[in-house]
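Construct the complete structure from the given sequences, taking the supplied hints into account.
Here our numbering is used: the first residue of the sequence shown is 735, the next is one more, and so on.
Worth double-checking, as some hints may not be accurate.
FRET-style restraints, in silico, Cβ to Cβ [to be verified]:
| id | residue 1 | residue 2 | range |
| --- | --- | --- | --- |
| 1 | Ala-758 | Asp-737 | 28 to 36 Å |
| 2 | Ala-758 | Val-738 | 37 to 45 Å |
| 3 | Glu-762 | Phe-742 | 28 to 36 Å |
| 4 | Leu-764 | Val-744 | 25 to 33 Å |
| 5 | Leu-764 | Cys-736 | 38 to 46 Å |
| 6 | Trp-746 | Gln-766 | 42 to 50 Å |
If you are wondering where the hints come from, they were derived from the structure by calculation, not from laboratory data.
Positions of the beta carbon are idealized from the N, C-alpha and C atoms, including for glycine.
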Amino acid sequence: MCDVTAIFSVLWGISALVGDFQQAAGEECLLQR
735 MCDVTAIFSV LWGISALVGD FQQAAGEECL LQR
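Shown next, in the form of C-alpha coordinates:
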(Lines of atoms letter the chains of each structure in order from A and count residues from 1; the text may use other names and numbers.)
(Lines give C-alpha, C1' and ligand atoms only; values in the text may rest on other atoms or scores of the structure.)
Protein backbone atom coordinates (compact mmCIF):
# COMPACT_ATOMS: atom_id res chain seq x y z
CA MET A 1 0.00 0.00 0.00
CA CYS A 2 2.89 2.37 0.74
CA ASP A 3 4.28 1.80 -2.76
CA VAL A 4 0.92 2.65 -4.36
CA THR A 5 0.66 5.85 -2.31
CA ALA A 6 4.21 6.87 -3.24
CA ILE A 7 3.60 6.24 -6.95
CA PHE A 8 0.32 8.17 -6.82
CA SER A 9 1.98 11.12 -5.07
CA VAL A 10 4.77 11.15 -7.68
CA LEU A 11 2.24 11.08 -10.54
CA TRP A 12 0.24 13.86 -8.86
CA GLY A 13 3.41 15.96 -8.48
CA ILE A 14 4.31 15.43 -12.16
CA SER A 15 0.79 16.35 -13.30
CA ALA A 16 0.95 19.49 -11.13
CA LEU A 17 4.30 20.46 -12.70
CA VAL A 18 2.92 19.85 -16.19
CA GLY A 19 -0.14 21.97 -15.37
CA ASP A 20 2.05 24.84 -14.17
CA PHE A 21 4.21 24.54 -17.30
CA GLN A 22 1.17 24.59 -19.62
CA GLN A 23 -0.25 27.62 -17.79
CA ALA A 24 3.08 29.48 -18.08
CA ALA A 25 3.34 28.56 -21.79
CA GLY A 26 -0.22 29.78 -22.38
CA GLU A 27 0.51 33.11 -20.68
CA GLU A 28 3.67 33.45 -22.79
CA CYS A 29 1.66 32.88 -25.99
CA LEU A 30 -0.82 35.57 -24.93
CA LEU A 31 2.02 38.02 -24.26
CA GLN A 32 3.58 37.37 -27.69
CA ARG A 33 0.39 38.33 -29.56
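Taking the hints in turn, this is what the structure says about them:
{"no.": "1", "hint": "Ala-758 to Asp-737: 28 to 36 Å", "verdict": "32 Å, holds"}
{"no.": "2", "hint": "Ala-758 to Val-738: 37 to 45 Å", "verdict": "31 Å, violated"}
{"no.": "3", "hint": "Glu-762 to Phe-742: 28 to 36 Å", "verdict": "30 Å, holds"}
{"no.": "4", "hint": "Leu-764 to Val-744: 25 to 33 Å", "verdict": "31 Å, holds"}
{"no.": "5", "hint": "Leu-764 to Cys-736: 38 to 46 Å", "verdict": "42 Å, holds"}
{"no.": "6", "hint": "Trp-746 to Gln-766: 42 to 50 Å", "verdict": "31 Å, violated"}
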